[in-house]
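These protein sequences, in sequence, are chains B and P.
Under our numbering, the residues of the first sequence are numbered 218 to 430, in order.
Under our numbering, the residues of the second sequence are numbered 218 to 430, in order.
Just so you know, not all the hints are guaranteed correct.
[To be verified] Straight-line alpha carbon distances no greater than 25 Å define the calculated DSS-like cross-link-like pairs of lysine-lysine that follow:
1) P:K238 with B:K293
2) P:K238 with B:K238
3) P:K368 with P:K293
Hints are computed from structural coordinates only; laboratory data are not their basis.
All values reported here derive from a predicted model rather than from experimental measurement.
2 protein chains.
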Amino acid sequence: METSTPSYPPTERTQVKRLAKRGVYDKEQVHAILDEGFVCHVGFVLEGQPFVIPTAYARAGEQIYIHGAPASRLMKSKEVDVCLTVTLVDGLVVARSAFHTSINYRSVVVLGKARLVLDIDQKREALRLFTNHVITGRWEQAKQPTDQELKATSVLALPLDEVSAKVRTGPPIDDEEDYALPIWGGVVPVVQTFGEPMPDARVMPGITAPNLG
Amino acid sequence: METSTPSYPPTERTQVKRLAKRGVYDKEQVHAILDEGFVCHVGFVLEGQPFVIPTAYARAGEQIYIHGAPASRLMKSKEVDVCLTVTLVDGLVVARSAFHTSINYRSVVVLGKARLVLDIDQKREALRLFTNHVITGRWEQAKQPTDQELKATSVLALPLDEVSAKVRTGPPIDDEEDYALPIWGGVVPVVQTFGEPMPDARVMPGITAPNLG
Chain B
218 METSTPSYPP
228 TERTQVKRLA
238 KRGVYDKEQV
248 HAILDEGFVC
258 HVGFVLEGQP
268 FVIPTAYARA
278 GEQIYIHGAP
288 ASRLMKSKEV
298 DVCLTVTLVD
308 GLVVARSAFH
318 TSINYRSVVV
328 LGKARLVLDI
338 DQKREALRLF
348 TNHVITGRWE
358 QAKQPTDQEL
368 KATSVLALPL
378 DEVSAKVRTG
388 PPIDDEEDYA
398 LPIWGGVVPV
408 VQTFGEPMPD
418 ARVMPGITAP
428 NLG
Chain P
218 METSTPSYPP
228 TERTQVKRLA
238 KRGVYDKEQV
248 HAILDEGFVC
258 HVGFVLEGQP
268 FVIPTAYARA
278 GEQIYIHGAP
288 ASRLMKSKEV
298 DVCLTVTLVD
308 GLVVARSAFH
318 TSINYRSVVV
328 LGKARLVLDI
338 DQKREALRLF
348 TNHVITGRWE
358 QAKQPTDQEL
368 KATSVLALPL
378 DEVSAKVRTG
388 PPIDDEEDYA
398 LPIWGGVVPV
408 VQTFGEPMPD
418 ARVMPGITAP
428 NLG
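Same shape as in the complex, but just chain B:
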């Protein structure tokens, strides 16, 4: 059954080298991680120097849209080699030994060429996906962007071709003899939650906050 799941073929660059057992190439798992996160870190190179910036993103099938602004360093050219990484932190892995202390996480790394989206309808679709990525249906509630606003927004598209995920789950793996020590071992869950929506000072009477899907 596992072998029939569509997977991203590992390349020399995406083959998980460190702790290979944590490597995941299964498309469904990769998509699930990408859809759960909403801030990615995009790496690019300028004059030999790597830069890593956080930004919003959304997935559309086998493509990721990255949100940006025309003035940003990332958006200077029509095509740029990037590494896009999404990381979800799930827990602190508290081992009996400091050495085996770790973090439970799920991360996806996408390598490839990100291309500036020029078509205005595709840009609109990307903005729709950004807007609905966290708050389902928000695009339909909000005021739609004008063509001028769409021109003032830069969107990059990155294909999901060269992709790998890395996942650590479960309890600490201590050395066998250390389990006899009077030291606590286990996992402290790390949870990202949404608090109570805080209206700004100018919300019209009777307008309620959006539901968080």
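We have chain B; now place chain P onto it with these hints.
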């Protein structure tokens, strides 16, 4: 008063270009962001291709220690140009217009040369800082690493020289005429919390979970 606060001098590479008003160079604010996060994204370049990997880190004064493993791509050389980025997500900024929808966040970008730490006592100190970064006093409770374990861990040190932070706070900034629309506007807080510690199957009787500072 502001001017007497120690700051990181902006360079051509760290000058915040996009929305310059969000740029922060104040050391105290930069330190606070670095100390609140515990997973960073490190970017480096291999054969022209950027890579971005998530990893644990800790700050020691004007230096950051990055945790790694000797087999990882990052740890292949004694000195490597990196960009280390820490991002804390604080809220969804729900504007009346899709265009002004945003995210409240605090991020720090550090550029520089990360150097492999070879001295075993400095490595031990870095591991102590990683271990205590999230759970205060955990290093003192846990089994200390052996010299062999320290050799099996790679640590990089990155000076805090070329540093900038970027911060967005507060409500959405809608276009003036949009405040009259019957659309909700405000902020949905995003909060990272720790759940109830889950002991693994082999914790000795009477041993209680560590306190999360």
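Structure-based check of each hint:
About 21 Å separates the Cα atoms of K238 (chain P) and K293 (chain B), which keeps this hinted pair within 25 Å; it holds. Of the supplied pair hints, the one linking K238 (chain P) and K238 (chain B) is violated, its CA atoms being roughly 45 Å apart against a limit of 25 Å. Using a Cα cut-off of 25 Å, the hinted pair K368 (chain P) and K293 (chain P) holds, with the two alpha carbons roughly 15 Å apart.
The earlier numbered hint that this structure contradicts is number 2, and it is the only one.
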